[in-house]
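Asker: Protein chains in written order, with the numbering used here: chain W, 71 to 229; chain R, 114 to 394.
Each hint should be verified, as a subset may be incorrect.
Result set (DSS-like, lysine-lysine): computed pairs, CA atoms no more than 25 Å apart in a straight line [stated by the list, open to error]: (1) W:K224 with R:K387; (2) R:K203 with W:K86; (3) W:K184 with R:K118.
It is worth saying that the hints were derived from the structure and are not from the lab.
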Amino acid sequence: MSVENIQKINFEFREKLNSVAEGFRHNFCYQCGACVGDCPANNYSGTFNPRIILLKALLGMEKDLISPDSEIWNCTNCYTCWERCPQDVRPIDVIIALKNLCQRLGQAPDIIHKISNSVMESGITTTVTSATVRRREQYNLPPVRDYAVDEIKKIIGSK
Amino acid sequence: MMTTKYPWFEAAVRKTTAVIGMELVDIEGFTCCPDPIYFQAYDKIDWYTIAARNIALAEAVGHDIITTCSGCTATLSEVNLTLKKDMELKDKVNKRLKKIGMKYNGTINVRHAVTVVRDDIGFDRVAETVTRPLNHLKVGVHYGCHLLKPSHVMNVDDPDHPTILDRFIEATGAKPIHHEKTLLCCGRACMTDSISSNMVVDILESIKANNADCMGLICPTCFDEFDTGQIILGRKLKRNFSVPVIYSFQLLGLAQGMTLEEVGLNMHKVKFDKILEAVPA
Chain W
71 MSVENIQKIN FEFREKLNSV AEGFRHNFCY QCGACVGDCP ANNYSGTFNP RIILLKALLG
131 MEKDLISPDS EIWNCTNCYT CWERCPQDVR PIDVIIALKN LCQRLGQAPD IIHKISNSVM
191 ESGITTTVTS ATVRRREQYN LPPVRDYAVD EIKKIIGSK
Chain R
114 MMTTKYPWFE AAVRKTTAVI GMELVDIEGF TCCPDPIYFQ AYDKIDWYTI AARNIALAEA
174 VGHDIITTCS GCTATLSEVN LTLKKDMELK DKVNKRLKKI GMKYNGTINV RHAVTVVRDD
234 IGFDRVAETV TRPLNHLKVG VHYGCHLLKP SHVMNVDDPD HPTILDRFIE ATGAKPIHHE
294 KTLLCCGRAC MTDSISSNMV VDILESIKAN NADCMGLICP TCFDEFDTGQ IILGRKLKRN
354 FSVPVIYSFQ LLGLAQGMTL EEVGLNMHKV KFDKILEAVP A
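Same shape as in the complex, but just chain W:
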């Protein structure tokens, strides 16, 4: 193999990842693989692998990681990798940082925007319907409260 074909580490991407909350943790991964054995997404997909995701982050493989179809979206958010990691890398937190980066770069799947918009526009992730109101009455529960949307709008999105 000629020297020209050797892939170089994309440090620019790693800097971008460092700038997102908890993204810096990827720097401490020494690729031991403790995160893989009990990862349900790994056991059930055969393709999702938290160690490989961390390796790609270390190499700065932006194209593989930053897209709505990236393997990162198959994470089940079970937190087992955080539990197992001897280095406190918290692979799930790096995956979440990668997801935040996708969102910033317009590469997050629609469902992320749909649910987040609901929180920003109504204060909750689900929708209050007439059935909600009726059922809460039926079970003698307090009525749905005011979800302080105005306050939420004031405290989010400021960089």
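Got chain W sorted already, so can you dock chain R onto it with the hints?
Answerer: For chain R alone, coordinates are given in the frame of chain W:
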């Protein structure tokens, strides 16, 4: 999710905790925690900020936050613990909260209702409130991820050998059944349906193989995945799983003599009635 989609879970919590001697206080102005999956994936700093606002509301009245949903517990516990330790982040969040005249101080704790039941009330006291012991009912335990992990954040139980739900179920007179997939994730957050579907099928089959009458859990998102999810999956795979799913506080409600309707079991997609024939009236 519980407020809007599963209000009968909330009813079961309010009714049963009153019987065992827990006083709950509603706090005005709470919003979505927000959820630890989609909103955290959107923007973690916004996620910290909205959660900190909710915690600050509880701080203002001097109460711990008691959660009844594992996802809410995950968000509020992680944010609370992180902000208590990370002063730089706390300042950043407080700068945002200042815009609405609020401040996060880090003076309270976030606790899941089942830990309050275990640690403050005690399962013995819970058992004393049981008027209709659910003897003969075998409950396949499903812990779900966010009640337990990350363990030093959640501070609930040993994530690999948990007992809290087993003991909760035992207090109702029912028999908790551990099965091969007791600790497997429900898969809900995974964006590829086929991956999560296979997890759901394995868990349901594991429960059936161990002759449990139903599945007992504590997380409304897991519930969604196993109740409605079971029907959708059954249609797709042309299979009838017939594993009724019950939220732990509904189980306690039944044991305290409440009716199927009072705890909302008649609202579940997979019907529960037949199972109760085994329970003395």
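Asker: Now tell me, hint by hint, if it's right for this structure.
Answerer: Results for each hint:
1. A distance of roughly 51 Å separates the Cα atoms of K224 (chain W) and K387 (chain R); the hinted pair therefore is violated under the 25 Å criterion.
2. Taking the CA atoms of K203 (chain R) and K86 (chain W), the gap is about 22 Å. The hint holds against a cut of 25 Å.
3. Simply put, K184 (chain W) and K118 (chain R) have alpha-carbon atoms about 17 Å apart, close enough for the 25 Å limit, and the pair holds.
In summary, the one numbered hint that this structure violates is 1.
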